[in-house]
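Can you build the whole structure from these sequences, using the hints too?
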Amino acid sequence: MALDQELSPAHSTRSADWVRLDDLHDDPYPVYARLRDEAPVAWVPAANRYLVTRYANVHHVDNDPETFSADETGSLMKRVMGHSLLRKDGASHARERKAAGVPLRPKAVKETWTPLFRRNAERLLVEMRDAGEAELVSQFAAPYAAANLRDIIGLPEVSPEDLTAWSQAMMDGTGNYADDPTVWARSEAATQAVDDALAEALPRLRANPDDSMISAMLHAEDPLSPAEISANVKVTIGGGLNEPRDVLGVAVWALLTHPEQRTRVLTDPRLFSVVFDEAVRWTSPIGMYPRQTTREVELGGAMLPAGARLGVVVGSANRDPRQFEDPDAFDIDRPRKAHLGFGSGAHYCLGAWVAKASVGQVALPMLFDQLPGLRLSGRRPVRAGGWVFRGLLDLPVAWDH
Amino acid sequence: MPKIIYNHADGTHDVVDAPAGTSVMRAAVTGGVAGIVGECGGQAMCATCHVYVRPERLAGLPAVSEDEDEMLDCAAAGRDSERSRLGCQLFAGEAFDEIEVDVPESQS
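Quick mapping for you: the protein sequence lines, in order, are chains P and L.
Mind the numbering: the first sequence is residues 1 to 401 in my numbering, read in order.
Mind the numbering: the second sequence is residues 1 to 108 in my numbering, read in order.
Calculated from the structure, these hints are not laboratory results.
Everything numeric in this text was worked out from a predicted model, so none of it was measured.
Any given hint might turn out to be false.
Where chain L lies over chain P, by a calculated footprint (3+ residues, C-beta under 8 Å) [claimed, not checked]:
1) 97-109
2) 329-343
Examples of chain P residues lying across from chain L (beta carbon under 8 Å, computed) [what the hints assert, rightly or not]:
3) Asn-63
4) Tyr-177
5) Gly-351
Some chain L residues flagged as far from chain P (calculated, every beta-carbon gap over 12 Å) [what the hints assert, rightly or not]:
6) Asn-7
7) Thr-12
8) Gly-21
9) Gly-38
10) Glu-39
11) Ala-44
12) Leu-58
13) Pro-62
14) Val-64
15) Glu-82
16) Arg-83
17) Gly-93
18) Glu-100
The beta carbon of each residue, even a glycine, is placed where N, CA and C say it ideally should be.
Rendered as structure tokens:
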């Protein structure tokens with residue numbers, strides 16, 4: 001069925017069977033633009049979900065968790081990682097969030113983690129500098145995000161390479177709608193490896209508290225159980241690595257392709273924080289997340305039954321011209337307006353301050369300062385991909401050395 | 001019903017009657033008051049509901065908590081050591097029966 005415009009909007013379930021997952025992966029923005037205009041809450045068979053694509057509707061969903069629950073039934077994330085705070089609502093979500101969030105607040109980020117971010121960035125830059133060229137995602141953004149993450153979580157013995165592999169294997173599992181047994185085997189091996197690392201870390205941190213997330217969850221006023229800690233560590237490894245990696249790649253690419261903005265930022269490095277925020281809006285690293293209705297409800301002109309599975313498309317909301325002027329442009333001068341790149345409401349990104357500091361205040365200024373003449377190498381095309389998670393897949397760069 | 005007056009930089013103001021238990025942030029977001037974002041939904045995590053309380057309305061407000069204090073240092077508009085508060089931490093009927101606040105020019 002094509003877009004069903006014959007039924008009255010308030011009672012129709014508008015179907016968008018023209019949406020193809022391959023198109024969403026390659027370049028979702030033209031698809032989103034059509035959905036926003038024609039069917040802002042549409043049943044999309046290819047995604048097996050209702051996609052919510054306008055800013056106002058996404059914001060509404062985020063702020064009505066009683067109707068739009070994060071606790072999705074049949075969630076692959078729950079199957080792979082256990083029941084983390086990301087898939088909980090209300091008091092149980094708040095309790096875990098409070099325990100896990102202490103090390104992620106601005107003061108801890110500034111005093112405890114930012115010096116460590118500088119050391120991690122410096123180490124990678126020293127390794128890269130003499131080569132004169134690199135693939136920036138795999139050689140800097142990913143290992144940088146992984147090194148920061150393992151220290152914040154409290155698994156310093158784990159190598160950044162292992163953490164990156166586990167993150168990818170678990171994320172592949174959460175997206176394994178094709179039920180591929182090879183993918184399940186890999187994600188199960190990764191979750192077992194995380195649990196093995198936790199078995200070593202928990203007694204140590206129970207006896208010797210430190211500044212890490214695991215320690216905070218163990219020693220909270222209302223401490224979390226080992227199963228709760230395990231699920232929350234797994235979801236943090238999944239999410240805490242992709243997002244800073246992807247926004248870093250996108251922000252570098254944006255500056256390399258917008259020379260006037262780059263010149264201004266290099267003249268006034270305080271603008272790197274604006275670059276970071278605009279990159280999160282422009283190409284949101286988390287492009288879509290699920291919600292499920294707890295009752296029949298009207299949203300964006302569509303009538304949704306109870307139990308409807310939604311895809312909340314932040315990647316589209318942040319390009320909605322009803323909210324942002326000329327939304328497809330990367331523009332650090334655009335009037336400051338709230339975007340939804342970190343989500344909003346109760347599930348507002350717990351790692352937002354870590355990302356702002358590690359990417360906006362440390363990695364971006366250090367990269368442009370220490371790799372003079374940074375530019376696209378032109379050896380291969382720059383590639384971006386993904387819609388549930390979106391970032392650069394290949395960012396070949398060169399610099400003067 | 002408790003009353004909240006939001007003064008904007010352009011000289012206009014909004015007045016919202018807020019049921020007891022509603023925060024200055026929530027009343028603004030649900031009442032369509034511009035300039036208050038409330039990104040994190042009221043967890044003192046985002047500093048996008050920063051307001052300057054009018055001096056004559058400061059008496060009787062609860063003390064700034066450690067979390068709120070930390071977040072006010074991150075607000076986009078400059079912090080005023082006397083008047084700056086997070087709107088999500090001031091609740092109608094508990095903190096005030098009537099309050100008047102100035103909305104900063106920027107929250108992000």
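How the hints compare with the structure:
For the stretch 97-109 of chain P, the assignment as covered by chain L holds, since 5 residues bring a beta-carbon within under 8 Å of that chain's beta-carbons and 3 suffice. With 4 residues having a beta carbon nearer than 8 Å to a beta carbon of chain L, the stretch 329-343 of chain P meets the requirement of three or more and the stated coverage holds. Annotation: interface hint on P/Asn-63 holds; nearest CB of chain L at approximately 7 Å, less than 8 Å. Restraint check, P/Tyr-177 versus chain L: the minimum CB separation of about 30 Å is more than 8 Å; hint violated.
The restraint placing P/Gly-351 at the interface with chain L is violated, with a minimum CB-CB distance near 11 Å, outside the 8 Å limit. With a least beta-carbon separation of about 20 Å from chain P, L/Asn-7 lies farther than 12 Å from that chain, consistent with its non-interface assignment. Distance check on L/Thr-12: its Cβ is at least 18 Å (rounded) from any Cβ of chain P, clearing the 12 Å threshold; non-interface status holds. The non-interface label for L/Gly-21 is consistent with chain P: the shortest C-beta to C-beta separation is roughly 16 Å, beyond 12 Å.
Here L/Gly-38 does not stay apart from chain P, with its beta-carbon only about 8 Å from theirs, under the 12 Å limit. For L/Glu-39, the non-interface assignment is contradicted: its Cβ lies about 5 Å from the closest Cβ of chain P, within the 12 Å cut-off. Remark: the non-interface label on L/Ala-44 conflicts with the geometry, its nearest Cβ contact in chain P lying 9 Å away (cut-off 12 Å). Even its closest Cβ contact with chain P, about 25 Å, leaves L/Leu-58 beyond 12 Å, as expected for a residue assigned away from the interface.
Annotated as non-interface, L/Pro-62 keeps its C-beta farther than 12 Å from every C-beta of chain P; the closest such distance is 19 Å. With a cut of 12 Å on Cβ distances, L/Val-64 stays outside the contact zone with chain P, its closest approach being about 14 Å. Chain P leaves L/Glu-82 outside its interface by the beta-carbon criterion, the shortest separation being 21 Å against a cut-off of 12 Å. The non-interface label for L/Arg-83 is consistent with chain P: the shortest C-beta to C-beta separation is roughly 21 Å, beyond 12 Å.
Consistency note on L/Gly-93: stated as away from chain P, and its beta-carbon is indeed over 12 Å from all of that chain's, at 22 Å minimum. For L/Glu-100, the non-interface assignment is confirmed: its Cβ lies about 24 Å from the closest Cβ of chain P, beyond the 12 Å cut-off.
In summary, the structure is inconsistent with hints 4, 5, 9, 10 and 11 from the numbered list given earlier, while agreeing with the others.
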